[in-house]
Amino acid sequence: MENTAVDLSAIERVEAARTAHITGAAKPAKVVAKGVDVYYGAKHALMGVNVDIPDRGVMAFIGPSGCGKSTFLRCINRMNDTISSCRVTGNITIDGQDIYDPALDVVQLRARVGMVFQKPNPFPKSIYDNVAYGPRIHGLAANKAELDEIVQKSLEKAALWGEVKDRLADSGTGLSGGQQQRLCIARAIAVSPDVILMDEPCSALDPIATAKVETLIDELRSNYCIIIVTHSMQQAARVSQRTAFFHLGTLVEEGATQTIFTNPVDQRTQDYITGRFG
Amino acid sequence: MTDTLASPNSAPQRRQLKADAAAALLKRRYASERLFKVLGLGALLLTASFLVILLTNIVTKSIPAFSEHVVNLDVVIDPKVVDPEGKRDSATLLAADYASLTRAAIMSAIPGIEGRNPRRALTSLLSSGAADDLRERVVADPSIIGTTIKMPLLFSDDVDLYLKGSSSVTSQENGSSDLTASDVKGDITLTGAEGTFAKLVAQLESENAEVSPETGARLLTPLLPSRLIEINGGLVKLASVTPTTATGTTLIPLTSSGVAKAGSWQLDTYAQPESRRKSSDQDIAFIETLRDKGAIERNFNWRFFTSGDSREAELAGIRGALVGTAWTLLVTLIICLPIGVLAAIYLEEFAPKNKLTDIIEVNINNLAAVPSIVFGLLGLSVFLNFFGLPRSAPLVGGLVLALLVLPTIIIASRAAIKAVPPSIREAAIGLGASHQQAVFHHVLPLAMPGIMTGTIIGMAHALGETAPLLMIGMIAFIVDVPDTMTDAATVLPVQIFLWSDLPEAAFQQRTAAAIVVLLGFLFLMNGAAIWLRNKFERRW
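So the sequence lines, in the order shown, correspond to chains A and B.
Going by the working numbering, 253 is the number at position 249 of the first sequence; the sequence numbering is gapless.
Going by the working numbering, 501 is the number at position 322 of the second sequence; the sequence numbering is gapless.
A couple of the hints might just be wrong.
[Said to hold, decoys possible] Within a straight-line C-alpha distance of at most 30 angstroms, the following computed BS3-like cross-link-like pairs (lysine-lysine) qualify: (1) Lys597/B / Lys47/A; (2) Lys47/A / Lys123/A; (3) Lys123/A / Lys714/B; (4) Lys197/B / Lys129/A.
[Claimed, not checked] Listed next, the stretches of chain A that the computed footprint assigns to chain B, with coverage defined by at least 3 CB atoms under 8 angstroms from CB atoms of chain B: (5) 56 to 70; (6) 82 to 96; (7) 103 to 115; (8) 118 to 127; (9) 131 to 143.
[Claimed, not checked] Not close to chain B: a few residues of chain A, all C-beta gaps over 12 angstroms, as computed: (10) Lys38; (11) Tyr44; (12) Lys47; (13) Asn147; (14) Glu150; (15) Glu153; (16) Leu172; (17) Asp203; (18) Leu220; (19) Ser226; (20) Met237; (21) Val256; (22) Gly259.
Hints were generated in silico from the structure; no laboratory data involved.
Model, not experiment: these values are computed from the prediction.
Beta carbons are placed, not taken as given, at the ideal position from N, Cα and C, and that holds for glycine.
Take these sequences, add in the hints, and give me the full structure.
Written out as structure tokens, the structure reads:
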């Protein structure tokens, strides 16, 4: 018995060492939030969130509905600015730069921080135009050939090129749900962001399309800092290296995904992941 | 949940409703459903029948106005009248007296008419437009001067109406015995055997015709149905009748005097008394003579679409009103589409939501409900009196209608912009597009069909608007077709209003015809709006 216990702890140590480079604990954090509070009018939606999000990896935000995970996600590219009653205090930096600095151009920020939404929302335009829109408005391509290349690269990275290369002029809304979501990812990639925010990207998809998108996320993590909000704990376990659990507007616990799912510190995390509420 | 369902209290309570009571309740429910259906269907049928009655009435009234009658005559283009000095310059050709040529043409068609009144009656069968048509033809091609050409001459509106059959009914019966005419023209006496006119005298007696104190003959007055005798190629209008003789005036001269055999002469009766119709017996005599010669033709009334207003019903057309309407609506569209759409975008996308924007929003909705005449008064005092813009001009009309249509377009555009799902906006903003780029690249193109639909419906509203245009003087009688947006003009609904006021039957028909054209345009515009909506309708 005793031997077995020792063996188990040894395995855990080995595992922790093995995942250390994946979880990115050693790397400098890409996104750092310090004491972030968000208010919708009088409602205090998010309270004192502190989190370091490493580069080149997937960070999952989990938690029950209304816990503030999406709100926090939308703070990172300042999408909350579009809601007039929303007020954000605290400090969020990307690569050490304060994104709420009044001198910072929010348009430039959003070019560096791409976003993929819950419901696939391709523009009702051609597949090509969907991907080319971002590079066009940011002037990333000097000519048509360069733009074509960006579109192709983005679609390839989004694992969609093979499926749509012969019908780039067709409407993006004519694709299947999963293809639409990958098109939205390609559209986000096309402006070469550092960070990609995903707000429940698979909640409107069937399991097969979900699997494809998850595979894609896994491939993308070697190049991007990906932050994903998900309702599915299995998904968080599958795709992420680090996980943060939100509850009632507070960040309860954050750590390596494996630790959160196998050995959470907080009782609430324990209750949530074992399905006692949520 | 399962507990309550299985509770022993609730189950028996539900079962207590007896079978017949349940059936009665069900029956009542079905009955009320049937009643509702019947009432709804009744309301629909009532509305539809009103619409059908209205449309049928207007369309049937308008049909005569879409055709016109002309008489094909040989017109001698006398160089002495048209161009006595042989210069062939347009000033001379334009100023010449073409009416005398057309008069001569119709006089030669029915020869032998003497006396001032009959000649006048004959020449006034033609419209003054006949001479204008001839002028146009001569000016276009001066080489026809000195020749005789066959050309259609337009009838006046009264003749046109007679020919369209709305004036008088005639009956004919053949003479039963020989009849002798005393002369070929002027007042003549027709003498026959005893009892030739006995039947006619009996009829006159029943119609309470006056009896001449001297001769004892029955007198025919304009209050009685007209009786005419066709004899020896001429026509005699009877003035007094005894059983054996009749006296009267020759309307068309006889080719010979003397005896006409039984069966070779006819008694015509125009059931409607002369005093109660527009065309006199003389007119009808001439028209029927021309008709018998096969000179009269019925054509499609192109003139109705190619000429402006006129005091003469047969010359009046809607081109001036159509062009005026086009100018007015153009001004309206140019002004209110950009302003309306920009206002809608600002209010929907950029304006802060506060008390001020709330007030603006409420007042835009209020403006849409302001009676249109008020906008007319505003136009009168602001555009005409303050800015001094020209009266009766499409420019001012368009400005006033723009005020009227603006709220409609703003409301429709806002609804269309609001209908674009926020996910599209978010997608663009998430990619780093500015708010303005998101709106102009994505929201506006998607909202455009809705905006166009609202605009077309607003323009259709403006097309039918009359009251505000009356206030700025677009009600004037204007013959010329406007060339610019500052020329005096009128619009289609005002033209309808003007014509509906005129007593002539021909103008009543033209009113109906103009209404048909207006309704046609309205249907077309609403159809376009529906087509746009269906074509570009998008579901998210």
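Can you confirm whether the C-alpha distance between Lys123/A and Lys714/B stays at or below 30 angstroms? holds, 25 angstroms
Measuring Cβ to Cβ, find out whether Glu153/A lies farther than 12 angstroms from everything in chain B. Per Cβ check, Glu153/A is outside 12 angstroms of chain B; nearest 18 angstroms; holds.
Does Asp203/A really sit off the interface, with its C-beta more than 12 angstroms from all C-beta atoms of chain B? violated, 10 angstroms
Per the stated criterion, does the least C-beta distance between Glu150/A and chain B lie above 12 angstroms, as a non-interface residue requires? Since the minimum Cβ distance to chain B is about 18 angstroms, Glu150/A lies beyond 12 angstroms and the statement holds.
Is the nearest Cβ of chain B still more than 12 angstroms from the Cβ of Leu220/A? The claim holds: Leu220/A sits with its nearest Cβ about 18 angstroms from chain B, beyond 12 angstroms.
For Asn147/A, is the shortest beta carbon distance to chain B beyond 12 angstroms? At about 21 angstroms from chain B, Asn147/A clears the 12 angstroms cut-off, so the statement holds.
Assertion that chain B covers the region 131 to 143 of chain A - criterion: three or more residues, beta-carbon distance below 8 angstroms: holds (count 4)
Take the region 118 to 127 of chain A, compare each residue's beta carbon with every beta carbon of chain B, and decide whether three or more fall closer than 8 angstroms. Coverage by chain B holds here, the residue count being 7 at a Cβ distance below 8 angstroms.
Minimum Cβ separation between Gly259/A and chain B greater than 12 angstroms? holds, 29 angstroms
Please settle this one: Met237/A was flagged as non-interface, so is its CB more than 12 angstroms from every CB on chain B? holds, 26 angstroms
Does Lys47/A pair with Lys123/A here, judged by a C-alpha cut-off of 30 angstroms? holds, 26 angstroms
Verify that the Cβ of Lys47/A lies farther than 12 angstroms from every Cβ atom of chain B, and report whether the claim holds or is violated. The claim stands: Lys47/A keeps its Cβ more than 12 angstroms from every Cβ of chain B (closest is about 17 angstroms).
Hints 4, 5 and 17, counting from the list given before, are not met by this structure.
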